[in-house]
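The listed protein sequences derive, respectively, from chains A and B. Residue numbering for the first sequence is 1 to 294, as defined by this note's numbering. Residue numbering for the second sequence is 1 to 381, as defined by this note's numbering.
It is worth saying that the hints were derived from the structure and are not from the lab. Positions of the beta carbon are idealized from the N, C-alpha and C atoms, including for glycine. Honestly, I wouldn't trust all of these hints.
Stated by the list, open to error - DEER-style ranges, computed between Cβ atoms: (1) B:GLY18 with A:MET279: 45 to 53 Å; (2) B:GLU289 with A:TRP253: 46 to 54 Å; (3) A:VAL262 with B:GLY352: 41 to 49 Å; (4) A:PRO259 with B:VAL22: 51 to 59 Å; (5) B:ASN147 with A:ALA133: 44 to 52 Å; (6) A:GLU173 with B:ARG198: 23 to 31 Å; (7) A:SER220 with B:LEU153: 45 to 53 Å; (8) A:SER212 with B:VAL22: 53 to 61 Å.
As the list claims (entries may be wrong) - Cβ-to-Cβ under 8 Å is the rule here; a few derived chain A residues that face chain B: (9) VAL90; (10) GLY106; (11) ILE280; (12) LEU285; (13) PRO289.
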Amino acid sequence: MQEFAQQTLSGIASGSLFAILALAIVLIYRSTSVLNFAQGEMAMFTTFVAWSLMTRMDFWLAFALAILVSAAIGAALERLVLRPVENAPVLNSVIVTLGLFTIFNGLALWIWGAQPKGFGPFSVFKGDPICSADVCIGRLNVGILVVSFIVMGLLYVLFQRTRLGLAMRATAENRLASQLVGIPIGNMLTLGWGLSAGVGAVAGVLVAQSVSLTTSSLFSILLYAFAAAVLGGLNSPPGAIVGGIIIGVAKNWAATYVPSEVGNVDLTLAFTMIVVVLMIRPTGLFGRPPARRV
Amino acid sequence: MANVRLPVVRTFWLALLGVVLVFFPFFHSWPVFDRFVTEFRTFNATMFAVWLLVVMSMNLLTGYSGQISLGHAAVVLVGAFTTAILSDRANIPMPLAIALAGLFTGLVGGVVIGIPAVRLSGPYLAIATFALVLSLPQILKLEGLNNWTNGALGIRIRDLQPPGFVDGYLNKAEWLYYMTMVTAVFMTIVFWNLTHSRVGRAFTALRDSEIGAEQMGVNVPLYKALAFGLSSFYAGIAGGMFFMVQAFVGPESLGFFESILFLVAIVIGGLGTVLGSVFGALFLTFQAEAFDRLGSIFSEARNLRGVIYGAALVTTMLLFPRGVAGAVHALLAAGPAGLWRGVRERVQSLAGQAAGLAGGVGERGAPPGRPGSPKGGQDGS
Numbered sequence: 001m002q003e004f005a006q007q008t009l010s011g012i013a014s015g016s017l018f019a020i021l022a023l024a025i026v027l028i029y030r031s032t033s034v035l036n037f038a039q040g041e042m043a044m045f046t047t048f049v050a051w052s053l054m055t056r057m058d059f060w061l062a063f064a065l066a067i068l069v070s071a072a073i074g075a076a077l078e079r080l081v082l083r084p085v086e087n088a089p090v091l092n093s094v095i096v097t098l099g100l101f102t103i104f105n106g107l108a109l110w111i112w113g114a115q116p117k118g119f120g121p122f123s124v125f126k127g128d129p130i131c132s133a134d135v136c137i138g139r140l141n142v143g144i145l146v147v148s149f150i151v152m153g154l155l156y157v158l159f160q161r162t163r164l165g166l167a168m169r170a171t172a173e174n175r176l177a178s179q180l181v182g183i184p185i186g187n188m189l190t191l192g193w194g195l196s197a198g199v200g201a202v203a204g205v206l207v208a209q210s211v212s213l214t215t216s217s218l219f220s221i222l223l224y225a226f227a228a229a230v231l232g233g234l235n236s237p238p239g240a241i242v243g244g245i246i247i248g249v250a251k252n253w254a255a256t257y258v259p260s261e262v263g264n265v266d267l268t269l270a271f272t273m274i275v276v277v278l279m280i281r282p283t284g285l286f287g288r289p290p291a292r293r294v
Numbered sequence: 001m002a003n004v005r006l007p008v009v010r011t012f013w014l015a016l017l018g019v020v021l022v023f024f025p026f027f028h029s030w031p032v033f034d035r036f037v038t039e040f041r042t043f044n045a046t047m048f049a050v051w052l053l054v055v056m057s058m059n060l061l062t063g064y065s066g067q068i069s070l071g072h073a074a075v076v077l078v079g080a081f082t083t084a085i086l087s088d089r090a091n092i093p094m095p096l097a098i099a100l101a102g103l104f105t106g107l108v109g110g111v112v113i114g115i116p117a118v119r120l121s122g123p124y125l126a127i128a129t130f131a132l133v134l135s136l137p138q139i140l141k142l143e144g145l146n147n148w149t150n151g152a153l154g155i156r157i158r159d160l161q162p163p164g165f166v167d168g169y170l171n172k173a174e175w176l177y178y179m180t181m182v183t184a185v186f187m188t189i190v191f192w193n194l195t196h197s198r199v200g201r202a203f204t205a206l207r208d209s210e211i212g213a214e215q216m217g218v219n220v221p222l223y224k225a226l227a228f229g230l231s232s233f234y235a236g237i238a239g240g241m242f243f244m245v246q247a248f249v250g251p252e253s254l255g256f257f258e259s260i261l262f263l264v265a266i267v268i269g270g271l272g273t274v275l276g277s278v279f280g281a282l283f284l285t286f287q288a289e290a291f292d293r294l295g296s297i298f299s300e301a302r303n304l305r306g307v308i309y310g311a312a313l314v315t316t317m318l319l320f321p322r323g324v325a326g327a328v329h330a331l332l333a334a335g336p337a338g339l340w341r342g343v344r345e346r347v348q349s350l351a352g353q354a355a356g357l358a359g360g361v362g363e364r365g366a367p368p369g370r371p372g373s374p375k376g377g378q379d380g381s
């Protein structure tokens, strides 16, 4: 029982990493209907930027700068390469984001090399694990959970409580109507990408503290992030968080309770979950079915 | 694309191509030819035949039918493993094993992927196939399947010799060349006929507008499943050939990286054309060698491989949506000036979009002739 509780708690902690990357994926999908396969690699790239900055300045300042750099990259990409494919079939936009995937991966490899970089954990996340009745959780994991919820809270305020957020939601909902009421939809789409890339940078910096930073450290969680996004619903930000945590817990349970004679099943589990969700409820737990235009 | 040249001219070039393909393995021993063709090129040509099957398989699914697959390497891998298991464990002769593997993979692709895919639209299909290609190696390594797949070690061909009747005429490399090339040429002809038939037109209609296709009486679920099945059949045969030529297959032989490469190949070659498949296969055959050569001139090239592939994908998608094949067709139809005009118009429209000038919904639609473009209106996602 104690082991079960411990594994569940650790699962929630690792799930928060999937959740925050899934959140970035959902943000872009929701605002521009582009599925960004480069999300993980963009986050990885900006995490390397953060790593470079950290050797020169304070952690928090570098973190903030990296988020800004990431948002700028995201916004520029939307303008330059994604705008032409936003209204084109999904195939075109998926191909472009896969191109971005290999570009960012290749660039990071070229600039920073294949050697893993030591990265954190940083002062606030250090220290003994927090324990209660033999069940423990690391401070870093608590920090990741807290940061995820802060990011989600900020996004909630932005989307639900501000005029700008309303305009962004309107753009996602119905571009033509938004344009007719005077919303600069081009800027909203650019902002959507910038925002999502910023969230991606947060995800990258958090992930890199729990595993070491290499050019593949974000790719290894991308599948789980996709599984989380699908499970929660591709257009639902709260769904991304819940989905991430469920995937994290399920993965930890599988690692603990599936006998080792069977072999590793973590990736297979993510695959199975995606297929099952898509078969039974393609909109996920919290997603709304998209209105189909004829 | 209407072919404006005389049938006689086309027949001449096809006949010349046929002659070259028949005698290719012996070029390296002929005077004059031996300056250009080494013996190693026979292996290149063999792999070209295998890649051609792979690229056609992917083109059928993505280029013609508009269905995204990021996991195509996984389907080819299923074909390779099926062939390996049939020939190694069940001692079935190689050609029969490959044919059976093609049928099996086609059945699996049509039923296991195709039928669920009927319910899935673009982005979901992309995610599901992405998940498939990442998890297949792990599935193949499951202990329960070890007796068949041999786990992480993979399966090696113990002894494959050409049959007795070619003794003294062909060595093993030449025999493999003829096996793969004859299959590839035959399946290319089938492919050409298929894509120019009622079935091919139904696939294209499906790609351009699912709702439109339905209105025109295309049985959408049936043709979607059929597209997956046929594409998987080609992929299965290709996988079998891959195993026969490489003499080995392991769970990591073909993975996500190869899936991306296949995608680069069809996009650069040209989505939705037979010629595009040929260019795509040429790309797959020579890309590794080209990078090695580039690396000896410019040492950073090897590290920049991902960047170059990615840039090629993005620029091709934005500037030449029909790839090299589209450029060749434009060159033949309108000459260099016409090709250049087309590219210039695309660049101008992209620059306008980036500056936010052409921000209108209607203006941002796909240009005519772009593969997979919905005819009017945005796609229904």
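Evaluated hints:
1. B:GLY18 with A:MET279: 45 to 53 Å: Once the Cβ atoms are compared, 47 Å apart, the range 45 to 53 Å for A:MET279 and B:GLY18 holds.
2. B:GLU289 with A:TRP253: 46 to 54 Å: 47 Å, holds
3. A:VAL262 with B:GLY352: 41 to 49 Å: At 56 Å between Cβs, range violated.
4. A:PRO259 with B:VAL22: 51 to 59 Å: 56 Å, holds
5. B:ASN147 with A:ALA133: 44 to 52 Å: 45 Å, holds
6. A:GLU173 with B:ARG198: 23 to 31 Å: Given about 40 Å between the Cβ atoms, the range is violated.
7. A:SER220 with B:LEU153: 45 to 53 Å: 24 Å, violated
8. A:SER212 with B:VAL22: 53 to 61 Å: Since A:SER212 and B:VAL22 have Cβ atoms about 56 Å apart, the given range 53 to 61 Å holds.
9. VAL90: With Cβ-Cβ at 3 Å, under 8 Å, it holds.
10. GLY106: This hint holds: A:GLY106 lies near chain B, its Cβ roughly 3 Å from the closest one there, short of 8 Å.
11. ILE280: Result: violated, 10 Å to nearest chain B Cβ.
12. LEU285: 15 Å, violated
13. PRO289: 11 Å, violated
Hint violations for this structure: numbers 3, 6, 7, 11, 12 and 13, all remaining hints satisfied.
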